[in-house]
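Novice: Residue numbers are given in our numbering: position 210 of the sequence shown equals residue 213, and the series is strictly consecutive.
It is possible that part of the hints are untrue.
Heads up, simulated BS3-like pairs for lysine-lysine below, C-alpha to C-alpha not over 25 Å straight-line [said to hold, decoys possible]: (1) K226 to K194; (2) K194 to K147; (3) K226 to K117; (4) K105 to K56; (5) K147 to K123; (6) K5 to K52; (7) K96 to K147; (8) K105 to K124; (9) K162 to K105; (10) K123 to K78; (11) K92 to K123; (12) K56 to K123; (13) K117 to K78; (14) K123 to K68; (15) K78 to K124; (16) K105 to K206; (17) K78 to K92; (18) K171 to K226; (19) K105 to K78; (20) K78 to K5; (21) K124 to K56; (22) K78 to K68; (23) K52 to K96.
Between beta-carbon pairs, the in silico distance windows are [unchecked claim]: (24) E69 to K5: 39 to 49 Å; (25) P24 to V203: 43 to 53 Å; (26) S168 to N61: 34 to 44 Å; (27) E72 to E143: 30 to 40 Å; (28) F57 to D216: 20 to 30 Å; (29) E89 to S170: 26 to 36 Å; (30) I165 to R16: 44 to 54 Å; (31) E217 to R187: 18 to 28 Å; (32) N114 to R187: 20 to 30 Å.
Because the hints were derived from the structure by calculation, they are not lab data. A virtual CB, placed ideally from N, CA and C, is assigned to each residue, including glycine.
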Amino acid sequence: MKIKDLPDSSKPRERFLKHGPEVLSDAELFAVILRTGTVGENVMEVSNKLISKFGLVNLFDCSLKELEEVRGIGKNKAMQLLAMAELGKRYNKEKRSNIITKISCAQEVFNLFKEDLEDKKQEHFYIVMLNHQNNIIGKELLTKGILDASIIHPREIFKSAIRNSSSKIILVHNHPSGNPEPSREDLDITKRLMEAGEIVDIKIIDHVIIGGDEWWSWAEENKI
């Protein structure tokens, strides 16, 4: 049955306008975003199929190609869904960063980055820039992919810190394997960056590796 043939009490858009988004089911909210279905399937049927196939959480982690494989979801609709998911992630990130404004321990670094890094399939390398009181000035993603000494250059690390008038920085990266123990490469990179920090008078006060729900901290292990 086409959506237009349903009573207003069953149409997602009409229910949204009358009652607000909070009363709609997940499928109805997707129907409002997608707006139209495809030949033989109305938008509610397409929405239910999406949720049945991926689940709400996994759906937001799908690739464009995976979404396009669902009948009724072309490139444009797939982009709409992924754009919505990205906005949700950015909202949560912004909200969380507004709460965490000062870093005093590795636990707080973990809390700041956990949501950003928990679903990443590649290593992501960040710096957190701090002032003298350990207040966060900013954070920046520097590289993603395999962490390699050849692509982590001190010049790039400290250029951002100098530009933001940061007196201290924290290095942060993830291990997609879930094991936060540092590799030999991690140890070598950290040692090299610490030496460079001494030259430019910007102290690295910690390097935190996040793996799943755990972390490994140079400061906690008295390596800094």
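Novice: Hints first: check each against the structure and report whether it holds.
Specialist: Structure-based check of all given hints:
1. This hinted pair checks out: K226 and K194 have alpha carbons roughly 10 Å apart, not beyond 25 Å.
2. Between the alpha carbons of K194 and K147 the distance comes to roughly 20 Å, so the proposed pair stays at or under 25 Å and holds.
3. As the CA atoms of K226 and K117 are separated by approximately 22 Å, the hinted pair is consistent with the 25 Å bound.
4. Restraint check for K105 and K56: the C-alpha separation of about 41 Å exceeds 25 Å, so the hint is violated.
5. For the given pair, K147 sits about 10 Å from K123 by alpha-carbon distance, which is consistent with the 25 Å threshold.
6. With a CA separation close to 16 Å, the supplied pair K5 and K52 stays within the 25 Å bound.
7. Pair hint K96 plus K147 holds up; C-alpha atoms about 18 Å apart against a cutoff of 25 Å.
8. With a C-alpha separation of about 28 Å, the suggested pairing of K105 with K124 is violated against the 25 Å cut-off.
9. For the given pair, K162 sits about 22 Å from K105 by alpha-carbon distance, which is consistent with the 25 Å threshold.
10. Of the pairs offered as hints, the one joining K123 and K78 holds, with about 23 Å between alpha carbons and a cut-off of 25 Å not exceeded.
11. A distance of roughly 13 Å separates the Cα atoms of K92 and K123; the hinted pair therefore holds under the 25 Å criterion.
12. A threshold of 25 Å between alpha carbons decides the hint, and for K56 with K123 the separation of about 21 Å falls inside it, so the pair holds.
13. For the proposed pair K117 and K78, the alpha carbon gap of about 30 Å is over 25 Å, so the pair is violated.
14. Note on K123 and K68: the hinted pairing holds, with a Cα-Cα distance of about 17 Å set against a maximum of 25 Å.
15. Straight-line distance between C-alpha atoms of K78 and K124 comes to about 23 Å, which keeps the hinted pair within the 25 Å bound.
16. For a cut-off of 25 Å, the pair hint linking K105 to K206 stands: about 16 Å separates their Cα positions.
17. The suggested pairing of K78 with K92 holds, with an alpha-carbon distance near 21 Å, which does not exceed 25 Å.
18. Of the pairs offered as hints, the one joining K171 and K226 holds, with about 16 Å between alpha carbons and a cut-off of 25 Å not exceeded.
19. With a C-alpha separation of about 41 Å, the suggested pair K105 and K78 falls outside the 25 Å cut-off, and the hint is violated.
20. With a CA separation close to 22 Å, the supplied pair K78 and K5 stays within the 25 Å bound.
21. With a C-alpha separation of about 21 Å, the suggested pair K124 and K56 falls inside the 25 Å cut-off, and the hint holds.
22. Of the supplied pair hints, the one linking K78 and K68 holds, its CA atoms being roughly 8 Å apart against a limit of 25 Å.
23. A distance of roughly 29 Å separates the Cα atoms of K52 and K96; the hinted pair therefore is violated under the 25 Å criterion.
24. At roughly 27 Å, the beta-carbon separation of E69 and K5 lies outside the given 39 to 49 Å, and the hint is violated.
25. At about 50 Å, the beta-carbon gap between P24 and V203 stays in the expected band of 43 to 53 Å.
26. Checked against the hint of 34 to 44 Å, the pair S168 and N61 passes, with Cβ atoms roughly 42 Å apart.
27. For the pair E72 and E143, the beta carbons lie near 35 Å from each other, so the given range of 30 to 40 Å is met.
28. Separated by about 23 Å at the C-beta atoms, F57 and D216 satisfy the suggested range of 20 to 30 Å.
29. The given range of 26 to 36 Å is respected by E89 and S170, whose C-beta atoms sit roughly 33 Å from each other.
30. At roughly 52 Å, the beta carbons of I165 and R16 sit within the given window of 44 to 54 Å.
31. One distance hint, 18 to 28 Å for the beta-carbon pair E217 and R187, holds here, with the actual separation near 20 Å.
32. At roughly 28 Å, the beta carbons of N114 and R187 sit within the given window of 20 to 30 Å.
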